[in-house]
Structures are given as C-alpha cells and as structure tokens.
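Novice: Spelled out, the chains give:
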Amino acid sequence: MRAELQDADVACVGTPPLVCKHNARWGASLPGVDMFRRLAKTAVGVLAISALLPATVFAYSFIYEPYVNNTYTYRINESSFTTNLRGLSVTASQARYWIRWSLTQWGATSGANIITSEGSTTTLGDAISECSNRQSYNFIGVINGCESADDCTDACRADPDCETTWAITYRWQDAPQLTGRIERAQVCLFGQSANWEIDADNFASTEKDLAGVLTHELGHALGLNDYPSTVMQGNTYGHGNTLARIPYGDDIEGIRAMYGQGTNTLKVAIYDNAGGFTWVNTPGTFAFRRYGATILEHPTTGTAYVVHSGPSNGGGDLHFRRTPYPVTAASVWTNKSFSGLGGAWAPPRMVSNASRTIAVWPKKTPFYSNCSGIMVGSTTAAFDNLNQFVLEDSCTLQPVSIAWDPTSSRYIMAYARHSTSNSVNNRIMIRVSTSSTGFLWGAPQDTTIRSSLAPSVACSDGECVLTYNHRSIDPFPFHRAFTVNSASNTVSVSAVTTSIADRSLAPPSAAGRTTGSDVLLMWSNNNDSDVRFEPASSVPVTFDDQYWPSSSARYGGEVGVFADPPATNYFPHIFYVLR
Amino acid sequence: MRLITSMLIAMLFLGGCAVEEANQDISNAQVSAQVEDGKGFHAVLEQIHGAQMQMRPGSLCHTFKRHTGGAGLYRVVSIESFMEESEEPRQLHPKTYVKLERLESWSVDAPKDPVARINGGVYPSGVTGGFPVSLVVGEKVGLILDAPTPGNLGFYSLHSAGVFSDRGGDHYTNDRLFTKDGASLQHLAEIVSARADLPFDECRKNDVRTDIESPEEHFQDDMADKPVAPPVVHESEPTDTLAD
Numbered sequence: 102m103r104a105e106l107q108d109a110d111v112a113c114v115g116t117p118p119l120v121c122k123h124n125a126r127w128g129a130s131l132p133g134v135d136m137f138r139r140l141a142k143t144a145v146g147v148l149a150i151s152a153l154l155p156a157t158v159f160a161y162s163f164i165y166e167p168y169v170n171n172t173y174t175y176r177i178n179e180s181s182f183t184t185n186l187r188g189l190s191v192t193a194s195q196a197r198y199w200i201r202w203s204l205t206q207w208g209a210t211s212g213a214n215i216i217t218s219e220g221s222t223t224t225l226g227d228a229i230s231e232c233s234n235r236q237s238y239n240f241i242g243v244i245n246g247c248e249s250a251d252d253c254t255d256a257c258r259a260d261p262d263c264e265t266t267w268a269i270t271y272r273w274q275d276a277p278q279l280t281g282r283i284e285r286a287q288v289c290l291f292g293q294s295a296n297w298e299i300d301a302d303n304f305a306s307t308e309k310d311l312a313g314v315l316t317h318e319l320g321h322a323l324g325l326n327d328y329p330s331t332v333m334q335g336n337t338y339g340h341g342n343t344l345a346r347i348p349y350g351d352d353i354e355g356i357r358a359m360y361g362q363g364t365n366t367l368k369v370a371i372y373d374n375a376g377g378f379t380w381v382n383t384p385g386t387f388a389f390r391r392y393g394a395t396i397l398e399h400p401t402t403g404t405a406y407v408v409h410s411g412p413s414n415g416g417g418d419l420h421f422r423r424t425p426y427p428v429t430a431a432s433v434w435t436n437k438s439f440s441g442l443g444g445a446w447a448p449p450r451m452v453s454n455a456s457r458t459i460a461v462w463p464k465k466t467p468f469y470s471n472c473s474g475i476m477v478g479s480t481t482a483a484f485d486n487l488n489q490f491v492l493e494d495s496c497t498l499q500p501v502s503i504a505w506d507p508t509s510s511r512y513i514m515a516y517a518r519h520s521t522s523n524s525v526n527n528r529i530m531i532r533v534s535t536s537s538t539g540f541l542w543g544a545p546q547d548t549t550i551r552s553s554l555a556p557s558v559a560c561s562d563g564e565c566v567l568t569y570n571h572r573s574i575d576p577f578p579f580h581r582a583f584t585v586n587s588a589s590n591t592v593s594v595s596a597v598t599t600s601i602a603d604r605s606l607a608p609p610s611a612a613g614r615t616t617g618s619d620v621l622l623m624w625s626n627n628n629d630s631d632v633r634f635e636p637a638s639s640v641p642v643t644f645d646d647q648y649w650p651s652s653s654a655r656y657g658g659e660v661g662v663f664a665d666p667p668a669t670n671y672f673p674h675i676f677y678v679l680r
Numbered sequence: 104m105r106l107i108t109s110m111l112i113a114m115l116f117l118g119g120c121a122v123e124e125a126n127q128d129i130s131n132a133q134v135s136a137q138v139e140d141g142k143g144f145h146a147v148l149e150q151i152h153g154a155q156m157q158m159r160p161g162s163l164c165h166t167f168k169r170h171t172g173g174a175g176l177y178r179v180v181s182i183e184s185f186m187e188e189s190e191e192p193r194q195l196h197p198k199t200y201v202k203l204e205r206l207e208s209w210s211v212d213a214p215k216d217p218v219a220r221i222n223g224g225v226y227p228s229g230v231t232g233g234f235p236v237s238l239v240v241g242e243k244v245g246l247i248l249d250a251p252t253p254g255n256l257g258f259y260s261l262h263s264a265g266v267f268s269d270r271g272g273d274h275y276t277n278d279r280l281f282t283k284d285g286a287s288l289q290h291l292a293e294i295v296s297a298r299a300d301l302p303f304d305e306c307r308k309n310d311v312r313t314d315i316e317s318p319e320e321h322f323q324d325d326m327a328d329k330p331v332a333p334p335v336v337h338e339s340e341p342t343d344t345l346a347d
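In order, the protein sequence lines correspond to chains L and W.
Letter by letter, the first sequence follows residues 102 to 680 of the working numbering.
Letter by letter, the second sequence follows residues 104 to 347 of the working numbering.
Careful, some of the hints might be misleading.
One-sided and incomplete, this derived list gives chain L residues near chain W with beta-carbon spacing under 7 Å [as the list claims (entries may be wrong)]:
no., residue
1, Val169
2, Arg197
3, Asn234
4, Arg235
5, Ser237
6, Tyr238
7, Trp267
8, Asp327
Everything labelled a hint here was simulated from the structure, so no lab data went into it.
Heads up, the beta-carbon is just placed ideally off N, CA and C, and yes, glycines get one too.
Produce the entire structure from the sequences given, and follow the hints as far as they go.
Specialist: Structure, rendered in structure tokens:
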C-alpha cells in the first residue's frame, strides 16, 4: 500500500507505518484567516479586516471528503434518548423525529447533495468507551452521565465558568492516501450535563436546547468542524434559547463546499378536476433547491408562469426559473438572475394579484447575529425587472410567506421571528401592506404564536389561513383562520386551531382560491416524507385525503392554485423538489 | 498486519504504577512478534485532529481544577499509534502516544518529558481518527495535562481544554480562552504560572474567563420584548417603473 495522493488537503507518504499530514480545509486557504474571522466578529473588526480578505472568504472548516456516495447512514440508540436525558421526557418516535429534523435542516437550508439513511436501532452510544472507540457503524446515543463527574453537580450547572461538555462527536477518516473520506461518526450526548428541553415556549434560562445540540453534532457527523459565529460554534450558545437550531450563513457555505450543490428534479402535480392528480416530472434538474415553486399570473397578459427561485451560493444574486403554464415534460425553463440584491437566507416566495407580483425573502447579512431585514421585491410575473426594498425591523432566517387577500386588497406576509430574547423567539410575526401596491407596510404584528419552522399564509375568496408547525416536541401542522382589517392594516387571528396529528419535517404550505374557497394545505409527512394535502376547511380534518407515498419531499414543497379557463375553476397544484 | 512492540506490552503490565518510569519512552520500542488482527499495528503520525465537542467553556481556574497533571510549555516530539486490546474483551482499538518535551514549567508539578496516552489512532486499514485533541509534531504547545490514572495505564492524558496552540503569529488559545486575539506565549506563561499552583478558591479570586462573545451579545434585535406597535409606514414608495 504505497501512498500516492498528495494534494493541498492531505499528504501521506510511505508504506505503513503511515506518515500523514492533514491540513484543515478552510473556506479560504489564507494564513491566519481563522484569527481574522475571530477579529472580524466586532463591528470595528469588520471594517479593519475586510480589506485584507478577498470578497468571497467564507468561514467554515472541514478536513474530510464526503461519505461514500454522499450518503450518511446512521443508527439511533432510542432507549438512551428516552431514559438518559435529564429533565426531558421524550418518546422513541419523538427522539427519532428530532434527529431527523436536525439532520434535515442541513440539506434543506443548503441544497447540498447529502443523502441520509436511517438504519435500525442500536444499543451503542450510551457509554463513553463506545463513542471513543470506533464501532462498525455510525450512531447517535445519550450517555447517562457527564464527561466529568463535576459536570453532573448542581454547582457546576449553575456556575457559568464551570467547564461543561454537552456532547461530543468522534470521527474517523478513511485512509487519507486512498480516499480521505469521513468514514465514521459517533455522536454522544452527555444526558446529565444539562436540563434538556425542546418545546420553544417558555424556554427556561436553565434549559439546554436538544434540537440545537443535535443540529450542531450532526453537522460534525456530516464532516464540519467547529467554527465561530455559526451553528458550528461549539463553545457558546448557553442555555435558554433556540437560536442554534437551523444552519445559516457560512454553515451553509461549508456544507455546500464539502458535499457539492445538489441538483434536484422539480415535481409538479396538477389536479385535473376529475378527481385526481397528474404528476409531471420537469425536464432536467435544478441547480438551486428547496421547497418548490409557485404559480404566478401575469397581471396584464393573463399568462401564467410557474416560478422556482433560490439564492446563489454565497453571493448576492437571486435566481428565478420560470416556464409558461401548464408545465409539461417538454416545458422550456428560462433563467432570470438579479444581482446586487444582497443575498438571501432563504428562497424568495411570491404571490401575484391583478397588477403585480410581490416577492419576499429574508435579507442576508454578514453575520447571522446582525440578522435584520426582510426584502420585498416588486415585479411582473415574467420577472422583467425586480425593484426591491428592505423592511429593516424584521428578522428571520427562514422563508417569508406572502399572500394576497382579495377581500381586503392587502398583501400579508408572515415569518417566524428570530430573536435572542426567548420570550419572543420563534413567534410568528405578520405584516400587512398599507395599500394594494405592496410598497408600504405596517409594523410587525406579534401573533404570540410560536412556530418551529417558517409559517405560511394564504387567502382564498372567502378566508385567510395561517399554517405553521407547532412549537412543541410534536410539531404537528396547525392552522388558524384570520381576517384582515384594511383600516388598521392588522390581522385578527382566530383562537381556534385545527391540527393534523402528523409531525412535519418541513414548513407547511398554504394556497388560496380553490374551488369552494377552501385554502389548501400541504406538508411533508414525518415518517416517509410523503406529500400530504388537505383543504383547510374540512371538518373533521382527514389528513390523508390526498397524498403520495414515498414522494421524497423531506424538504417540503409549495401548493399553488391556478384558474384554468373557465376562471371559475381553480385547480390546485403541488410543487416540491425531490429529496 | 504489522508488528507488535514488546515495550508496549511492558507498558500494559506497568499500568498504574511507576508512572514516570513507565511512560517515558516509547521510541525504544522493539519489534518482537507479529500478531493477528492488527494487534500491535504501529503508525507514525505528523498531525492529528481532535474530536469535536459542544461545551460551555471553563475559566482557567476551572480548567486547573479538572485537569491536574501540571502545566507547562511543551514541544510535541512524536505522535505514534498502536493497536491495543481495549477494556472490552477481544476488541482491538488504536491508542496514541504523544511524546512531549518540557520547555518551561508553569506549575511545580509540570512533568519533565512525559508521554501522554490518548484515544484514537490508525487502524491497519488506514482508517484514522478518534483523537481527543489536535496536535502537530514539532509544535510548541501550552499544556495543562490530565494526571496519570490507572485506567490510562499510568500515562498522562490530554483534553482539548488543556491544549493551547498557536493559531499563527504567536496567538495561543485553547479555543475557549483568548479566542479573539490569542495570547502571546509570554503572556500565556505569565497568566498560567501565576495561578496554576494556587488553591482553587484563591485562583478564582483572579480568574481568567472566556472572551467568547455569545451571539446574543451581538444580536441586533430592535424588537425584543417591545410591546406591539401600532402600524406605521416604514418605507418610502419606490418608483414603479415596471413595464409589462
């Protein structure tokens, strides 16, 4: 076995005993860039350092090549989750859900070409020796103890200076001179090191967010190293918040750099008004990703377009792909890109009314902690141009939903607020346009409803519906009706909720103007990522009225409606990206 | 399959006793036998990357309290991995021996030229990993060692909280303390030396705490905890020049 490979990342020479040198792969191979990034965490640092760094420097670190076939297969020690987490009662299915949820965020936010696969349960992972010694498969478990006995004392838990390890991931690499791939990752949480919590409501300052820890450790399991000012910052994020649940910024650049950008097929289902749906596989693949697409009607010509959107990798561009309706296998998709928009944390979402199309997306900022602003763009459905402006006092990292209410002639946007204040974090905020143009908007209205992922709003001719994943350990899709007051530009959200007992991995989607004025809901089923679809007004809700088994919509999708002639019939459409 | 070292076998028998003598020298290991299943497989490494931990950083005094093997400036002389039989019967896993040369003592109990036995190493297949710390042969590191234990066969050990590495330009940090600008070696030596031999309560009176800035401290959250405001107009209307 003679080592041959020698490149910028890994160098090994000789026959065993191997002499290997691993060079950490940084987003930019500049000496001392890590220190620069640390310095740049202050406002002064940004100004002082930015001139020294190339414009495209990203802050992340990894040393591995991806798993074989980009596939991370893991097994869960379910019983260790149900018995070893101090202060948190979690069932096996809930534990499995939240592991899957945290892992899903890595692919959903980045579009990286990661494939995950769950194996059978395991009993490994509840002892430190099982974690630190390489086993024959990847696993995730909870140790009924702490790294150090001192961690397990109340005095240490209460002392902000006391060293405490919440979790650790041991990793192994395939022979660097052969493939250099990450070969094994063993994730262990120290179950007694904290009081654990998941429910985002009344998250106590003494509690540690299990979902955030899982997202971080699964980032390690996928191959990323610790890095400051990201979800991969290993040594901050104290107790009492849920800020580190979803990758952002350079987390996303890092996982893309390691796994590459996924190319996905957009699936479209069109209701044929004869009681069934017809699926269309769009030709080719899409270099940008997530969620799905929507239908927009050109306000003047009446031409309809199906539009799919996303931000570019790291840059400030937004990309749109559109094709005239209806979608067929022969549809030609046209690319339209807009530069100089400052980038986005998530793809834009759009809606059309009779005069224009409004797009909204969360404004990307250099550091997530400066997150502030929702961008609003105004265009036609053909995306000939895109005027945009920013609402500065809004903050979210997830998609912003937008709807047009024909009753009040107002646009409504909704988002899950990102905040350091746990008393308001994850609350659904709603803004209403102050006119029918969508250029002027009222202040954010705090619904006080918390959501574990981005909410969605939609209006039909007769009703508006807010749908969201509940903030609890069982994030079932919930929906509530609301009305829009065009005098005060506020909404009144019903206290009556309807839920669907089906934990969703992805933000649900809603769309209006269907036959019978129902708002349609769509979500991704927990167990097999089925697309599920539901009229909101069905009482009782029969959530499996329409669904597509094994439809691989883990990242969710969007539901849209379009009025085929005659315009009195509005047909639902489902869009999602295969994953 | 590679080779087994008699010295390693000797060290296994010496676990828990005569620490200084037992763990001083693995470089004189002698080849004595060839064994099955990779036992004794030996690999020499130039650099290792540590496991990733999610943790709350401890202050310097807490680090002293937890890692009690002495402190000093050391040079990494060698890093060598050996396949060993683990605590679990008939299971073989690599352990790694880090030979260190003391350059300065920062505490009275800083051992001279210790060998640290740590988790992880190289399997006969070439699969490498499982290390608790990151090190490079030849580098100078400030160390707060973990004391020898019978469980570690009488060897010293290393925890990432006790490893202060140079991030470039004489900026030392353990990624918990001095994370912003690093500490110069001289400064680090002064700080550690002034506290390492103090009782915990005395040390705490002049402790060194993390300089990691929580994201919360930088978060621009103008709306936090404010009452719901009446709707207002925030933006001027842009010129609508769109042409259909």
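Novice: What are the numbers of the hints that this structure violates, sorted from low to high?
Specialist: 1, 2, 5, 6
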